[in-house]
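Construct the complete structure from the given sequences, taking the supplied hints into account.
Mapping of the sequence shown onto the working numbering: position 229 corresponds to residue 229, and the numbering continues sequentially without gaps.
It is worth saying that the hints were derived from the structure and are not from the lab.
Remember, it's a predicted structure, so these values are computed and weren't measured experimentally.
Built from N, CA and C at the ideal position, the CB exists for glycine as well.
Each hint should be verified, as a subset may be incorrect.
FRET-style restraints, in silico, Cβ to Cβ [said to hold, decoys possible]: (1) 48 x 219: 30 to 36 Å; (2) 166 x 263: 22 to 28 Å; (3) 74 x 357: 50 to 56 Å; (4) 72 x 259: 40 to 46 Å; (5) 354 x 29: 25 to 31 Å; (6) 166 x 28: 37 to 43 Å; (7) 48 x 301: 42 to 48 Å.
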Amino acid sequence: MKPFLPFTRPSIDADSIAAVADVFRSGQLASGPKVQLFEAALAGYVGGDRHVRVMTSATAGLEMALEVAGVGEGDEVIVPAMSFAASANVIARVGATPVFVDIELHSKNLNFDLVEAAITSKTRAIMPVHFAGLAVDMEALYGIASRYGLRVVEDAAHAIGTRYRGQRIGSFGDLVVFSFHPNKNMTSIEGGAIATADAAAAASIEQYRFHGIKRNAAGEIDVMFPGAKSNLSDVAAQIGLDQLRRLDEFNARRLALAERYFSELEGFDAVVLPAQGDAGHSWHMFQVLIDFSKWGMSRPEFQQRMGARGIGIGVHYPCIPALTYYRERGYRPEDTPVAARVGRETVTLPLFPAMEDEDVGRVCREMRDVLR
1 MKPFLPFTRP
11 SIDADSIAAV
21 ADVFRSGQLA
31 SGPKVQLFEA
41 ALAGYVGGDR
51 HVRVMTSATA
61 GLEMALEVAG
71 VGEGDEVIVP
81 AMSFAASANV
91 IARVGATPVF
101 VDIELHSKNL
111 NFDLVEAAIT
121 SKTRAIMPVH
131 FAGLAVDMEA
141 LYGIASRYGL
151 RVVEDAAHAI
161 GTRYRGQRIG
171 SFGDLVVFSF
181 HPNKNMTSIE
191 GGAIATADAA
201 AAASIEQYRF
211 HGIKRNAAGE
221 IDVMFPGAKS
231 NLSDVAAQIG
241 LDQLRRLDEF
251 NARRLALAER
261 YFSELEGFDA
271 VVLPAQGDAG
281 HSWHMFQVLI
291 DFSKWGMSRP
301 EFQQRMGARG
311 IGIGVHYPCI
321 PALTYYRERG
331 YRPEDTPVAA
341 RVGRETVTLP
351 LFPAMEDEDV
361 GRVCREMRDV
371 LR
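Put into structure tokens, the structure is as follows:
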């Protein structure tokens with residue numbers, strides 16, 4: 001019996017475990033020197049002379065970025081209709097209104113041909129997602145933002161290490177938010193980061209993530225506004241440091257596995273393949289679309305049948321306007337038909353650095369058999 005193959009799994013080595021033990025022995029567990037080292041290492045990695053601040057999750061980071069950008073009650077933010085719910089939830093949490101724009105079928109990124117029609121006098125920002133690690137069209141994004149005077153919050157939760165025309169995502173742009181959840185290309189168990197060129201924004205993020213506190217030269221504290229409690233621990237930061245040193249290795253392996261999937265699935269018309277991108281794609285996930293009604297089964301049945309064969313299949317993600325909270329507020333998935341289709345048909349195949357080439361062959365053989 002072959003071992004169960006999950007759709008993803010983090011790679012934590014013995015050196016990382018030993019380094020975390022050292023942090024425990026140090027007695028410094030909350031935010032401290034390891035957080036400062038992690039922020040400096042991330043800034044050096046993305047390049048571009050950026051300020052990087054870390055926090056407990058990308059979700060917290062996205063919410064802070066919107067607050068720093070001045071987005072609030074009465075504002076509108078353009079966001080893709082296909083993403084994790086957090087992409088829209090954070091807009092609602094700051095009192096603004098998500099404006100869903102449809103996506104491209106193969107890239108699953110925001111369709112910039114549709115963005116300008118969605119801009120109104122209330123639009124304050126655009127929040128695209130670099131979906132599955134494929135960079136959005138940055139020229140189109142920042143061109144629109146410049147023409148209409150909009151802020152940009154890049155949801156780069158999938159895109160640590162992704163490049164656009166040779167430049168790393170996060171090395172340029174407005175406010176760029178990364179995720180270090182265990183499912184991502186690198187992890188700090190839970191965690192996120194914001195990269196920006198704006199030193200004042202970075203200082204504000206420090207306050208937003210820790211109660212709105214500001215210290216004077218004597219070390220006395222004052223509270224400038226009711227901030228959150230989202231500071232990263234030194235334990236998490238140490239894991240992040242060790243993961244960052246291996247990130248390029250991880251991403252290179254992900255690219256090789258993705259190329260193997262394309263080779264194995266060439267000509268298999270039961271699935272719609274994702275956009276292939278180029279060497280700058282960090283391949284956070286590999287997803288295909290399947291018209292399950294055509295094959296006489298539901299998506300849960302497909303997952304169960306693949307699971308019975310020892311293969312885990314994920315779903316990333318439902319169309320956001322189809323979720324109850326948003327339907328109850330008048331959003332309709334049929335208004336964004338490509339996102340609705342992807343939400344119905346998408347499945348995420350196993351992809352993580354520890355996989356062998358033959359694991360890809362096994363996934364594809366079993367999928368062909370299940371759909372036969």
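Each hint tested on the structure:
Our hint of 30 to 36 Å for residue 48 and residue 219 holds, since their Cβ atoms are close to 32 Å apart. A beta carbon spacing of about 26 Å between residue 166 and residue 263 agrees with the range 22 to 28 Å that was offered as a hint. Hint check: residue 74 to residue 357, Cβ distance near 53 Å, so the stated range 50 to 56 Å holds. A C-beta distance of roughly 44 Å is found between residue 72 and residue 259, which places it inside the suggested range of 40 to 46 Å.
In this structure, residue 354 and residue 29 meet the distance hint of 25 to 31 Å, their C-beta atoms being roughly 29 Å apart. A hinted range of 37 to 43 Å holds for the C-beta pair residue 166 and residue 28, which are about 38 Å apart. About 47 Å separates the C-beta atoms of residue 48 and residue 301, a value consistent with the hinted range of 42 to 48 Å.
This entry satisfies every hint, going by the numbered hints stated previously.
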